[in-house]
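Chemist: Here the protein sequences line up with chains L and Z, keeping their order.
Under my numbering, think of the first position of the first sequence as 1, with each following residue one higher.
Under my numbering, think of the first position of the second sequence as 1, with each following residue one higher.
Since the hints were made in silico from the structure, they are not lab data.
Keep in mind that this is a model prediction, so the values were computed, not measured.
There may be inaccurate statements among the hints.
If several chains are the same, the list does not tell them apart, and a pair holds so long as it fits within one copy or across any two.
In silico BS3-like pairs for lysine-lysine, Cα to Cα no more than 27 Å straight-line [unchecked claim]: (1) K23 / K4; (2) K59 / K230; (3) K226 / K40; (4) K23 / K346; (5) K382 / K71; (6) K210 / K325; (7) K5 / K23; (8) K23 / K226; (9) K71 / K230; (10) K378 / K71.
Number of protein chains: 2
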Amino acid sequence: MEFKKYTLDNGLTIIGEINPAAKSSAVGFFVKTGSRDETKEISGVSHFLEHMIFKGTEKLSTIQVNEAFDKTGAQFNAFTSEEITVFYAAILPEYLLDITSLWIELMNPALRDDDFDIEKNVIKEEIAMYKDQPDFVVTETCRNLYFGKHPCGNSVLGSVKSIENLSAGQMRAYFSERYAPNNRMLAVAGNFEWDKICQLAVQSCSAWQKKETSRDTSDYPGAKKKKFLKKSRLARQHICLMTKAVPAQDNSRFAAHLLCSIIGDSTGSRFFWEIVDKALAEIATMHFGAMDGTGIFQTYIQCSPENSSKVMDVVNNIFTDVSEKGITEDELVKAKNKTLSALVIKNELPMGRLIDLGLNWTYLNQYRTISDDIDSIKAVTKDEILNLVKRLSLQDFTIVYLGPG
Amino acid sequence: MEFKKYTLDNGLTIIGEINPAAKSSAVGFFVKTGSRDETKEISGVSHFLEHMIFKGTEKLSTIQVNEAFDKTGAQFNAFTSEEITVFYAAILPEYLLDITSLWIELMNPALRDDDFDIEKNVIKEEIAMYKDQPDFVVTETCRNLYFGKHPCGNSVLGSVKSIENLSAGQMRAYFSERYAPNNRMLAVAGNFEWDKICQLAVQSCSAWQKKETSRDTSDYPGAKKKKFLKKSRLARQHICLMTKAVPAQDNSRFAAHLLCSIIGDSTGSRFFWEIVDKALAEIATMHFGAMDGTGIFQTYIQCSPENSSKVMDVVNNIFTDVSEKGITEDELVKAKNKTLSALVIKNELPMGRLIDLGLNWTYLNQYRTISDDIDSIKAVTKDEILNLVKRLSLQDFTIVYLGPG
């Protein structure tokens, strides 16, 4: 494995980790933008823009974009979160330059008015579809309630209203600022020739114009709010809890991840044995959401409305117990093994590696080998987790209930 | 990459492909049994038995099984199809022997009456859940109608009735025949020491008793039937088409796969451009189902009830056109690139490799390297595909419609 890095004059960074033993390659653009960088007026524009990237450029029609992907045989996709938009492809090494050229071309979308109008309906349908998913609704509502006016509570999809009111001109203005070369990064992993990638990027991206971009990365102190949402047609109760965790840049992030595995992994965790295995709920999980400058612990529960308060008693007891006594050595060993095995297996494939490579660079401005992460996970102690739990306050959560009553 | 093979006196075969460059290992048991090996009386027993494997052995309770998996950090699961039951795990190399021991232990399940009774409810809930999924219902109905009395039409899940009537004794009898060592195989891929795996298997599996097992692998001539299923609560029309293809053992299987990619891949195919892109249907895909001694082409369409006949006109036109004129060189090149890239990326990870390794051995009794498969795909010509289409008759399909009317 060899790490390479080059930055163009306009601020576009290219990073690559070469693995000559790999049979495939992966390439992607990481754009440091998402719903937290939106104002209320343009809520949902980042995600909408992600769709529009595939609608073509001055040179390529939508059909030609489809055909160009098809020719290479790439497995490709994109996603938008609260703080990042990623375009990625896994591919045979012989087509890597073709697909990289294609991504570079697409990074200057035409954003045509007629494509914009058609895609608007697709986005509205996507919003409607998600509104039907109670786990999504309860999580989004909880996030919004928890973060209040902090931009990390912004909705990724936006609302039907904000999308309806959005103009192509507003999207173009957003694009021109947020997709500036100094705010995006080209990353490559797997089997490839660094010089050729660099040459291609220099040739094709040097004309991109640098822009001032910034983001509010202030930490958020946390909130303790409560909300009930009644939906009579639902059979189950959906519960989301959110509480303060550490930012993506914090060295305790590995401890935070292990803590969630111990409390709320889908198998073998405290939630599993005390809630799911006892048939109090079908689902009870806890995740660590590491963000730029802040972070959350997020718990999601699905159970019968009758079990709702019993489940919450157990959750509160688990939070209190962990906060007072910490975790056991046995729990820590299991959580480390699960986390290490998932990490190694994910990073074994260039596509999985690309994501970690890109996210580490985006959040930390740092290259970390897989071994660096393995070592950090192995080094976490029971005391470190206890200190973390004492520093944060698991019991002071914001909670949203969504169910029949 | 080095291939190894060893067969115990009782017929248990152990195969392994060693990749010293891999960071992880994968191990699994491939049991040559599924719904096609069931009689009507025990319909669903293979899938139910797959669940029961995780319920413990004479030595291990259900909880201890869970804890044993947890300790290793393995990513594990199992699946049952019409003709195979597979138990697999991806893991860090240092835990490979532990997880292999665990699988070996689980391969002799206790099949306790009380566990059986509890799990029966889980299976019935799973059946109920699938009954809510129109794509599943239409496909299962079509498969059943197409195959008639041929066992490949048997339902994997069984019915609520067959599961209700099933006894633990019947399951034990089925287990003792179908899980005989000569009907299952232990496969390992990735980074591991062959001698240690072999030694473990010899020590722990030699006492397993060989049994007579057989399977009806007669080819099926195909059928041309039609059925309408009315479900007023559905908004969309779900359509499934099934027609004869080649068996898993046939050398034309690569051509059959490429044909499906050209006609019915989810992007860039004829279905995509002529049906999905034209907004006649949301989904229109075609798959090749390669089976032991037989095979099917399966098309699935989801559209508005009004578009149903228009979509079927287009489908028929595409089938006729391909049958008369074959495909273009451009289509073949694209399909090959997509297929090769998916193949290489899947096989790059020990877990993905394990599945192909195991299935090739199960169906072909043959070790095939990734390069063998790449070469076979590259060698397919336009003429070979045209011959295949002429030999099979795409237009003579069995069809099931499921929708509001």
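Chemist: Give a verdict on every hint.
Modeler: Results for each hint:
In this homomeric assembly, K23 and K4 come within 27 Å of each other (Cα to Cα) both inside a single copy, at 19 Å, and across copies, at 22 Å. Taking the closest pair of Cα atoms, K59 and K230 never come within 27 Å of each other, the shortest separation being 50 Å inside a single copy and 48 Å across copies. When the C-alpha separation of K226 and K40 is checked against a cutoff of 27 Å, the pair qualifies only within one copy, where the shortest distance is 23 Å, while the shortest distance between copies is 53 Å. Taking the shortest alpha-carbon separations for K23 and K346, both the intra-copy value of 15 Å and the inter-copy value of 10 Å come in at or below 27 Å.
Taking the shortest Cα distances, K382 and K71 sit within 27 Å of each other only across copies (17 Å), while inside one copy they are farther apart (52 Å). In this assembly of identical chains, K210 and K325 lie within 27 Å of each other by CA distance neither inside one copy nor across copies; the values are 52 Å within and 53 Å between. Within a single copy, K5 and K23 get their C-alpha atoms as close as 22 Å, and across copies as close as 25 Å, so both meet the 27 Å cut-off. Taking the shortest alpha-carbon separations for K23 and K226, neither the intra-copy value of 51 Å nor the inter-copy value of 45 Å comes in at or below 27 Å.
Taking identical chains as interchangeable, the C-alpha atoms of K71 and K230 are never at most 27 Å apart, the minima being 49 Å within one chain and 41 Å between chains. Taking CA atoms no more than 27 Å apart as the test, K378 paired with K71 passes between copies only; the shortest distance there is 15 Å, against 43 Å inside one copy.
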